[in-house]
Amino acid sequence: MTWWRRGLAVLLLLPLISGCWSNRPVELRAMVLAMGFAPAPQNRIRATVQIPTTTGLTSLTSGSAPSSSGKLDYIISACALTPGMALTRIQDQLQTDLYLGQVQLIACSSHLSAGQFRLLEDYLTRLGPLDKTAYIIATPSVRKLFHIEPKVGGLPILDLIGGFSCQGCETIMYRQHQWDVETALPTAGDSVWMPYVTVTPTGFNTGRILVYRHCTPVWALSPHDSMLLGLILGITAKGYVNFVMQHDILGIRTLTSHSSVYPFVRANRLYLRFGLAVSGTLDSWNGPPVTVARLGSIDSQVAHYLAPQILTVLKRLQRQGVAPEGWLAPLIWRSYPSWHSPSVWEAHYRKAVLIVHVHFRITNVGDTE
Amino acid sequence: MVASYLGVGIFQFPRELATFGGPDACWSYLLLTTGYFLLIYLFLKIAAIDPEHSFGHLTSDLLTPLLGFSIRWFRIGVHLLLAVVVVANFGQVLRTYFLMGTPQWALEGALVGTALYAAWYGTAVLGRTLETGFVPTLLASLLIGLLVIGRMRFAWAILPSSHIAVRPTLLGAYHSAYLFIGFEMLVQLYRHVRVDQRRAAVRWALSLYSATAAFFAFGFVLVMGTEGPAALMQAQWPPVSALRLANLRGFFINKLGLLVVVVWGLFTMGFVAVRFWCLSHDLTETGDGRVSSTYYHLALVATALTTLLISQLLSNVVVLVHLFQVWGLPIILGYLLAMPMLILPTVWLRNRFRPRLAPSPPH
Amino acid sequence: MNQARRPRLERKNGKAYIKRGETAHAPTEGGAIIDGSQITRQASQKPLLEQELLHDLTQSTQKFVQEIEGLLAEHALVGDFDGYSGSVTAAYDRIKATLGQSPDIVIRRFQIGVAAVDAMLVFVNGQVDNNIVDRDTLLITTLDEPATTSPATLLTRLKSHFLAVGHITHTTSWSKIIPTVMLGGTALFIDGVREVLLLDTTKFPARAVTRAQSEPSIKGPQESFNEVLLTQMDQLRRRLPAGTLRFEPFKIGQHTHTTVICAYLSDVTNPAIVEAIKERLGGIHRSSIQTSNEIGEYLADRRFTIFPQIRFSERVDLIARNLDQGKVAILTANDPTAMLLPNTLVDFYQTTQDYAFPFWDASLMRLIRLAGLIAGLYLMPFYIALSSVNPDLLPVKLLLTIDGSRQGMPFPPEVEVIIMWLIIEILREAANRLPQQMGTTIGTVGAVVVGTAIVKAGLVDALMIIIVTLTALALFTVPALEIASTWRWLFWFFIVAAWLFGIYGIVLLTVVIVVHLSSLENFGVPYLSPFGPTRPSDLADSWIRLPFPQIRMRPTTLRTLAPRAAKTDPINPEVILHRAQTRFRQ
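If you're matching them up, the sequences are chains A, B and C in order. The opening position of the first sequence corresponds to residue 1022 in our numbering, with each subsequent residue numbered one higher. The opening position of the second sequence corresponds to residue 317 in our numbering, with each subsequent residue numbered one higher. The opening position of the third sequence corresponds to residue 43 in our numbering, with each subsequent residue numbered one higher.
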């Protein structure tokens, strides 16, 4: 081999070893699994990222419990006026490439101002490599969420993500993707809502919904109200009600619903008709044996019990000008383009007549009469 | 044939349709596709007038040599513009979603190089390549598209409005007219079809056009349904955004939608290759439509280099779309409408007074 | 003696002598003049050898003079160098001067009949069947011919006496006599007759017909060709006893005189293809043809393409089937591998076994080969693209696994591929070179020991081992060896494309390959057919195989004279059963 051939071979091999352009082996990337955004003093945004460490990765890979000494992840945060700048500051603290292509969870602090939330959403929308199917949640404290003590078997955040991706595992299938928020924000007549995750000494508390008016969080629903809203949205998977029915205690579980909403305008007044077909399993009942007639009466009792509660939730949403999931959007898009401005449609919505039809059926009585 | 129009709009459609057509987007699309069907039919009729000679020769002969000459160079400009637009656009899609660190010239150079190679061996090879590649890619796109259907939150936006407003319908159709704008080269292609297969080719052209229109209609339903009109209008590349939701769990590659977007590079490549082919033919062919192989290859290389150089100047998709919508679209559309109106009556008049050129109808 | 000496000297003195040998040989071929100055110069460079060199020079010059004299004697009689003069003595001198120096050349001079006409037999010992020579040719010595018989009549009489001999031809030309003798013929010279009888007394040292080694099949015929051309033709004739099966011979190679047969069915194969192939065969001028591939590389339309254009096979049934499909087969003497052309890409993925098994099996096997091709070609590039360039496309858990296994690795994935691939190729080549039993051992040792050790040493990550192994296995599912190396080459192009542009690079390179495949044509048959251009009827026997009653047409791309290979309407089995039952009842 002559010297120039050797030289050429070395020249060809050099970039092969060093990598080039977009080629960056995965071990040289700091893979962010979750990131959070919270307000910071002076109207700045604090970005926090969670990156698994080598120990974390190997324990995740082998599935074995991590050794006591090793830290599973490292959490880095930085503040700046924009989320992008904050992430750049984080990059400054890292020796590897901050890689956002596999972000699984985006946590937004519920204390973010409307302007900051808008800025954040704009940033996330523009970000090319970001996975749009990443879950987005709201939380009162991003710091607490990220610093939760790991239980056996890996990163706690991954448990949270696992819960979201498991269809029907949680009470309400309230997972929201970044995508859902991104498309709901500009749509006239649509309001953003997100799961509201708090941290308890034992782990995460999920099961609540936070609704936004434009970009401001306005109401964190209680677990029961969240379940009711879930019924209205048709996303409740394991709803539960119990009440006393003529001195007998009644419990119904796995409440699920098929819901529809029909907006229409009559005499310049907006009407919203909600139809809910709820079904559930008879769970506890200390009354006389269940006959066909009694089953019918239970059905109607439950419907009568649910309907006013649902209406209450709807009224409160109406008062706050929040209309999640395309209640008004089709009407505005197809027939009332003039309502496009939020002030206009909200004014109409606040004066709207709400009609709720609830139909309940027990689909399963269990193994006894 | 499909390559001549599939490629220019695939990354943008149906943004303009939703923006300008509003709730009448469906009607706009119907108007658009019907209009193009007629235009394609008319252009095929033009091609059938004198299939033995080049289009430039035909225009010089029918209209005046000066006009023929201008039309020839105008067409060269049009094809170059289309190639540049498509190359630059795809380069930016790649830089946004896939290869952030790779320079634009490398991405676009690779695309242009591939297109150059595809056009190098001429009509038959280009045809075979596209034939082999298009069917699987289209099928894969449809299949992946079906995966997204589960995420259609905005299905209500697809339904046409009950009352048709004329202005938005027309505007939507006009601004989306880029979708099939590349079809014009069918005139040139017609001559390369064997004489005994020309009738069949015309039928094929029209039915393939219809199939493409149906494909885009499916795309419209999909993108509109998943993104909703408002987010769609804001998105730079709506179909890409929609396909990014296609996420198959438990598979080796789970973001299949993103994979499809890269595979659409084939459509882009096909479109650009067809443009190159067309441009090189326009540049080199003599009156009787012959093309010398050496000149063809020289023209091909020159065309590819020019396309690559110009596309480097368009570094921003906003500028690109603006330029195309404000300047490119009206000019090209004007030309497409003017040609049948000029040529067909002239032929008719000429036949009436001097029955020499008999236009053989395509059907 | 001189003959025996030369190799020893060549070995001893190396380059200079080999050079001299070449120049000294030249006159027997075309009458070139010895380049004396060159020899002297070279000799003076090695003064120690001068003495020996001079001796050798003298020897060869003497030999040359002998040869010239032999030629001149003939020339004086006939007037040209090629024609036989009719004088046995002159011919004897000439043969003695040229061929006679080789110990395997047998020259027998004898006299025929009462008239004692001088005659001479020339043959190569070992190439001829001694039985034939003894029984038939020596019979003529006892021929009882009156002295008055003219030599020409004698010749005709003699012809009828040879029984066991195959063909008998006669010629006057030395350029025909010598090669025939060299290939096992026997030349009979009769004094006074200008025609020389060439008797086909060939007996080839031949291998028995064995099982096909390189293309094994579990079911179906197992017979393979051997090196003898006649046997090859016989085997084909037995499988295709059609009168239209044509074998057209060509002699190629100035030194080897290799017979090459162009075989085709004259009522099926497109004559344009046959003509083109024959023309190309006629245009080959080489001194030596030892393998069929040496001819094959002349026949390809595009020489530098990485894709094979000629299908090689030692299987008789495969060649016969393809002949019937309308292809042309080229048989080469001394090479059991026949060639088929023109081919398409899919042809290289079809085996005999596909036809010997039910169509579900056959289709599955072919689809698995396709899957093997895709896996072999794309698995590794995809790994590189997805782990280094586009990790976004992977599910997070898989990426975490990859990330975890790659922690602390000293090399990037592409260098790991190079390391692993080198190991595999070295093992493969080592296993090929060694005897079979040892080869297996090497394979096992390599796979187990090297594989485990390299992971333990932390040089290559475990996932890479899995992928490399799968790739290597997948690429060996190719039934035709000639296309396996194509993919092994392209594999590296894919690695570079994936490394540079990730998935985008892979897609673009795939397009480039499709363009290249589309551009390939062999004798007007598109290589990518039946996919580009689409030939719907040919799809019945492509990556899947439909049941035989469904495959009615010969490949349309071959543009055969008889497009239909089977009748359209297979007889309805129920009707047959019904008829049989009715007949039985009667």
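It is worth saying that the hints were derived from the structure and are not from the lab. Keep in mind the model is a prediction, meaning the values are calculated, not measured. Heads up, the beta-carbon is just placed ideally off N, CA and C, and yes, glycines get one too. A portion of the hints provided could be inaccurate.
Claimed, not checked - Now the in silico label distances, taken between C-beta atoms and shown as ranges:
no. : chain 1 : residue 1 : chain 2 : residue 2 : range
1   : B       : Val-634   : A       : Ser-1134  : 52 to 60 Å
2   : B       : Arg-519   : C       : Asp-276   : 46 to 54 Å
3   : A       : Ser-1134  : B       : Tyr-651   : 38 to 46 Å
4   : B       : Asn-632   : A       : Ser-1356  : 52 to 60 Å
5   : A       : His-1279  : B       : Tyr-651   : 49 to 57 Å
6   : C       : Lys-609   : B       : Leu-649   : 38 to 46 Å
7   : C       : Ile-460   : A       : Gln-1116  : 33 to 41 Å
8   : B       : Leu-459   : C       : Phe-518   : 51 to 59 Å
9   : B       : Val-634   : C       : Pro-578   : 43 to 51 Å
10  : A       : Gln-1063  : B       : Val-634   : 31 to 39 Å
11  : A       : Gln-1063  : B       : Asn-632   : 27 to 35 Å
12  : B       : Leu-459   : A       : His-1325  : 43 to 51 Å
13  : C       : Gln-478   : B       : Phe-534   : 51 to 59 Å
14  : B       : Gly-393   : A       : Ser-1134  : 48 to 56 Å
Results for each hint:
no., hint, result
1, B:Val-634 x A:Ser-1134: 52 to 60 Å, "29 Å, violated"
2, B:Arg-519 x C:Asp-276: 46 to 54 Å, "53 Å, holds"
3, A:Ser-1134 x B:Tyr-651: 38 to 46 Å, "52 Å, violated"
4, B:Asn-632 x A:Ser-1356: 52 to 60 Å, "37 Å, violated"
5, A:His-1279 x B:Tyr-651: 49 to 57 Å, "54 Å, holds"
6, C:Lys-609 x B:Leu-649: 38 to 46 Å, "56 Å, violated"
7, C:Ile-460 x A:Gln-1116: 33 to 41 Å, "27 Å, violated"
8, B:Leu-459 x C:Phe-518: 51 to 59 Å, "31 Å, violated"
9, B:Val-634 x C:Pro-578: 43 to 51 Å, "46 Å, holds"
10, A:Gln-1063 x B:Val-634: 31 to 39 Å, "32 Å, holds"
11, A:Gln-1063 x B:Asn-632: 27 to 35 Å, "33 Å, holds"
12, B:Leu-459 x A:His-1325: 43 to 51 Å, "48 Å, holds"
13, C:Gln-478 x B:Phe-534: 51 to 59 Å, "57 Å, holds"
14, B:Gly-393 x A:Ser-1134: 48 to 56 Å, "51 Å, holds"
In this structure, the hints that do not hold are numbers 1, 3, 4, 6, 7, 8, in rising order.
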